[in-house]
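**Q** The whole structure should be built from the sequences, with the hints applied where relevant.
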Amino acid sequence: MSPTETVNIHGPQASHQTQPPSPPEVGERGGSVHAGGQRTAHAISPTVIGTNRRLLIIVLIVSSNIVQMISNMVGIAAGLEISKALQVPVGPGQANWAAASYPLTQGTFVLMSGRLGTVYGHRHVLITGAVWLVVWTFANTFFTSFVGFNVARALSGIGGALIMPNAVALISTTIPPGKMRNIALGFFGASGPIGSYLGALWAGVVLEFVNWKWIFFSLAIFALFVFGLLGYLLPSDHPIDKGGKIDWIGAALGAGGLILFSIAWNQAPASGWQSPFEITILLVSILVLALFVVWERKFARPPIMPLDIWTTPSFVVLVLVALLSFMSNGIFLWYMVAWLQILRSKSILEFAVEWTPFGIFATLGTFVAAWLIPRLAAQWILASGSAAIAIANILLATMPVKQTYWAQVFPATIFMAFCPDFVYVAAQIIACNSVRRNQQGVAASLVGTLNLYGTSLGLGFAGTIETEVNKRRASQVLGFRAALSFGAGIALLAVALDAIFVRVVKDEREGWGDPADEEYDTVPQGSSTGTELGRM
3 MSPTETVNIH GPQASHQTQP PSPPEVGERG GSVHAGGQRT AHAISPTVIG TNRRLLIIVL
63 IVSSNIVQMI SNMVGIAAGL EISKALQVPV GPGQANWAAA SYPLTQGTFV LMSGRLGTVY
123 GHRHVLITGA VWLVVWTFAN TFFTSFVGFN VARALSGIGG ALIMPNAVAL ISTTIPPGKM
183 RNIALGFFGA SGPIGSYLGA LWAGVVLEFV NWKWIFFSLA IFALFVFGLL GYLLPSDHPI
243 DKGGKIDWIG AALGAGGLIL FSIAWNQAPA SGWQSPFEIT ILLVSILVLA LFVVWERKFA
303 RPPIMPLDIW TTPSFVVLVL VALLSFMSNG IFLWYMVAWL QILRSKSILE FAVEWTPFGI
363 FATLGTFVAA WLIPRLAAQW ILASGSAAIA IANILLATMP VKQTYWAQVF PATIFMAFCP
423 DFVYVAAQII ACNSVRRNQQ GVAASLVGTL NLYGTSLGLG FAGTIETEVN KRRASQVLGF
483 RAALSFGAGI ALLAVALDAI FVRVVKDERE GWGDPADEEY DTVPQGSSTG TELGRM
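In terms of this note's numbering, the sequence shown is numbered consecutively and its last residue is 538.
Just to be clear, a hint being listed does not mean it is correct.
[What the hints assert, rightly or not] The calculated lysine to any residue pairs, modelled on SDA-like cross-linking and capped at a C-alpha distance of 20 Å, are:
id: 1; residue 1: 244; residue 2: 122
id: 2; residue 1: 247; residue 2: 300
id: 3; residue 1: 348; residue 2: 483
Hints in this document: simulated from the structure, not taken from any laboratory.
**A** Encoded structure:
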């Protein structure tokens, strides 16, 4: 790509337009300002790097996502053991925070992470997130209170949020279009399930020999090695929208409202909904989210979440379907761990070994989903993912307390493995086909938020149900069954909503010259996101 080319970053594929040699009236590297006050994002000539170095960068970028997924999964796999070590009961509203705290902040902050990359540079934001993740992962080893531990876990999640979309963007900016880029993006997609499996294995192996603090100490050392080498090898990059605006107030209101809403639900099983604290937190969260809507509609220039995105066909129902599916997925994960470790007295390492089918079939699911895209309507791929997690929850909810692994846990793990990739890929396609091209990055980022935030929120809802059942029957098994049945129910609701209401909007536009897309050639200041770049 020559320095005088402009890249349209608002669609599924890059569109190149050769520009005259003379720059616009007022220009700066990474963007230019036109007379109308609009900014155009210009492509920067990539630094020429050798093949071997490029391959190593790909490996390290994929490894960076594996690291943050390991960090996510160790909280789920070892959450019960950590809560016991910190003298916290393993009941709902307490031990579940070890699993919920990391994805809570990761999900809420990932929405603005890509935007930070376009303004400040994807390399800079990724390395900042990496340093943040390493620092707070290491800090976890020093906390002796469960509250302090979970605060550090939540702060670690912010680092994971900064890494994810900017890692995708760096693949697209470091590797030229072609087979190598497609392979790299495919392996990046597979890094999620691989990291989740390795997280369970990591926690299990460490706890066989030393205490829980070594999980985070060893992970911090490994992360430091991966990110340090990646930072050294990555070429310097230049912001695509240098000097662009960021909706800081909107970001704070949106993230704050979502975090408070999840806190209310995850703490309710322990505190009870009759607690003034719970009612206050819930009401404040709703108020903050209402202020977010008002700010985005009336004052934000540019908004971090354009509200007209919600008026497009199928979009609202799609968001609900994806959220319910990911909530169900999180419920399955936590209660599978609880069932095996509490009711069947399995060690974390034994759980990790029994979790092996997930690593295999979820990785396979990444490529199966990609294969299905041109062959099956996206809403049916989405329905398949939701149905898979419904079946997985039903299998766990109906199994005896003691039973051979192969009867129900094994098939449930396989069904569950196909949920995240099928739902995520299909939701991305439907979301991006439902909105205007200059909103596709926001839509894609929102799906990423639902993936992570749904895991945290689902644990709160399921924990409330488990608590209420335990109050009436004083049976831990019945509480687990009720929570898993709820997970199955919301997944089946997602299937029904998808089948009835969700449709892939037919897009008959050809090229970038369509009158409906006139605004895409000149990008309003601050409207591009890292997810858009990642789709190049």
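**Q** With reference to the structure, classify each hint as holding or not holding.
**A** Verification of the supplied hints:
no., hint, result
1, 244 <-> 122, "6 Å, holds"
2, 247 <-> 300, "17 Å, holds"
3, 348 <-> 483, "18 Å, holds"
Every hint, counting from the list given before, is met by this structure.
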